[in-house]
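**Q** Listed below, chain by chain, are the residues.
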Amino acid sequence: MKQEISALMDGELFEDEAEVLLGKLKRQPDGSRDWATYHLIGDVLRQPEHIRCGFTESFHRRLQAEPTILAPRQHKPQRVKHYALSAVASVMALALVAWLSMQIGNEPAVQMANIQQKNAVRPAAYQVNDYLMAHQEFSPSADVQGAATFIHTVAAKQ
Amino acid sequence: MKRVILKGFLPGTLLLLLGMVSAVADPLLDDADWLRTMAFAAHQTNYSGIFIYQAGGRVEMSRITHLIDRQGEHERLQGLEGPRREIIRHNDRVWMFVGDKKVKFGKRHVRRTFPALLPEQILTLKESYTVTQEEEDRVADHHAHTIRFQPKDTLRYARKMWAHSDSGLLLKAVVLDEHNKVIEQYAFSQLQIGGKIDRKWVPDSESETEEITVREHLSPLPQANVESLSSGWQVDGIPAGFKKIIEMRRTLAHRESPVVQIVFSDGLAALSVFIEQLGEVEHPRLGLSSHGAVHVYRKLIDGMYVTVVGELPPRSVLQVAESVRYAGMPYE
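Heads up: the sequence lines are chains S and U, in that order.
For the first sequence, the working numbering begins at 1 and goes up steadily by one.
For the second sequence, the working numbering begins at 1001 and goes up steadily by one.
Possibly wrong hints are sitting among the right ones.
[Unchecked claim] These stretches of chain S come out as covered by chain U in the derived footprint (C-beta under 8 angstroms, 3 or more residues): (1) 23-30; (2) 135-143; (3) 147-153.
[Unchecked claim] Straight-line alpha carbon distances no greater than 20 angstroms define the calculated SDA-like cross-link-like pairs of lysine to any residue that follow: (4) K1299/U <-> Q127/S; (5) K1200/U <-> E1120/U; (6) K26/S <-> D16/S; (7) K1299/U <-> N129/S; (8) K1299/U <-> L132/S; (9) K1160/U <-> E1135/U; (10) K1244/U <-> L132/S; (11) K1181/U <-> K1200/U; (12) K1152/U <-> T1124/U; (13) K24/S <-> F14/S; (14) K1299/U <-> V128/S; (15) K1160/U <-> K1200/U; (16) K1160/U <-> Q1133/U; (17) K1243/U <-> L1123/U; (18) K24/S <-> L8/S.
Just so you know, these hints were derived from the structure itself, not from any lab.
Using N, Cα and C, we set each Cβ at its ideal position, and we do this for glycine too.
Using the sequences and the accompanying hints, generate a full structural model.
**A** Shown next as structure tokens:
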């Protein structure tokens, strides 16, 4: 459940999986509490300057008093599926960074947030041919040349 | 047969046909009309031949085949040296093959909804180029008329074109810079116009195109949505004589996010400005790259990738790229 919530927050669940989980969350108060807690962690990471001191300390206390994030997984490793590891790691990282940010200010939190954001980007390689093809559709000189204009795309690179 | 071929054509294209007939019949006709004749012939002629392409220090030999039938246009360009490099076009769909098994996809995203060379474009052309007919010649054993497009400034290339005297088909083309140095050229060394041409690679119907796709593990990308719009991006540095043809939002192959494309033309050369959001590109390759007479310049402007593509001298492409700015509504 916790892995699933974490995965949902990371955007790693498929739509149908997410819907099933959200249904469960509505019915189970425990799940809703985890959901809220994970979001709190995220909020702390993103905007630590907006978190008041008293809140941070009480949150810190609660976090320490609540080892549920890590412990159940250590006790039941056989139930942790391989795909869930990244979710575990990210929850651990979030907890660690939340703790660090309270110890030494918000700088590491910002760095971690940046790294996470970068990893989230789905890269697509730049292919000049795509632009050449898209351009040629509208070129009068390409129109006159017919298939010969494709030579720019097919020709060996200079 | 003639009726079948002409079915579905825009009236403007019919005018081109008339233009072609009279251009061939009357050598005193406006020289610029040769361009329309050549464009018409390029789409409406069955031909197959070997052609030599030369740019910089490179020479490439390819076979080009073009067929027109009830399904429309079929075009094939095969590199004849080295690993397999081939492009096949069926109307608006383009497949590209590189290497033995490895396949790359490309496609023509837009079915041309207008004849590329409208009369007003011929007028535009004359603002920037002096068009003259030069000596008659022979190319690949075919009689040819020679037309030269000499620019009135140094912002664009000069072109010399050899058109088949009977059909109007382009047999040879040379792109020259301001010092009359050849930037790129190509010519058919052997060419068969009409007659019996191998058409084993042409599908019998649209459904068969799908079958070929499945069999060869190709997947033509879905038809792109093209949406005309005013993007809010401004291009101030376009060379004189260039006019905006279209501004749209479209998808390109290999990426999910839409791209803004603004196209300008001086009636002969064209210039595309692509603008897209950052974060789509793993290894941003910025700067200038050359592909014969086509130059591509890519840079970051206001956190967006701007890619300028044009068959223009590098400095014109650079000038355009440097002038791109955001002036309008927020980019969505």
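**Q** Taking the hints in turn, state whether each one holds.
**A** Hint check:
1. 23-30: violated (count 0)
2. 135-143: holds (count 8)
3. 147-153: With 6 residues closer than 8 angstroms to chain U, the region 147-153 of chain S meets the three-residue bar; holds.
4. K1299/U <-> Q127/S: 15 angstroms, holds
5. K1200/U <-> E1120/U: 40 angstroms, violated
6. K26/S <-> D16/S: 16 angstroms, holds
7. K1299/U <-> N129/S: Between K1299/U and N129/S the Cα gap is close to 17 angstroms, so the pair holds against 20 angstroms.
8. K1299/U <-> L132/S: It holds: about 16 angstroms lies between the C-alpha atoms, which stays within 20 angstroms.
9. K1160/U <-> E1135/U: 11 angstroms, holds
10. K1244/U <-> L132/S: Given that 20 angstroms is the threshold and the Cα spacing comes to 18 angstroms, the pair holds.
11. K1181/U <-> K1200/U: Violated - the C-alpha atoms of K1200/U and K1181/U are around 40 angstroms apart, more than 20 angstroms.
12. K1152/U <-> T1124/U: Holds, at about 13 angstroms.
13. K24/S <-> F14/S: 15 angstroms, holds
14. K1299/U <-> V128/S: 13 angstroms, holds
15. K1160/U <-> K1200/U: 34 angstroms, violated
16. K1160/U <-> Q1133/U: Judged against 20 angstroms, a Cα distance of about 10 angstroms means the pair holds.
17. K1243/U <-> L1123/U: Status holds; Cα separation ~12 angstroms.
18. K24/S <-> L8/S: Given pair K24/S, L8/S holds - Cα atoms ~13 angstroms apart, limit 20 angstroms.
Checked against the numbered hints above, the structure violates hints 1, 5, 11, 15; every other hint is satisfied.
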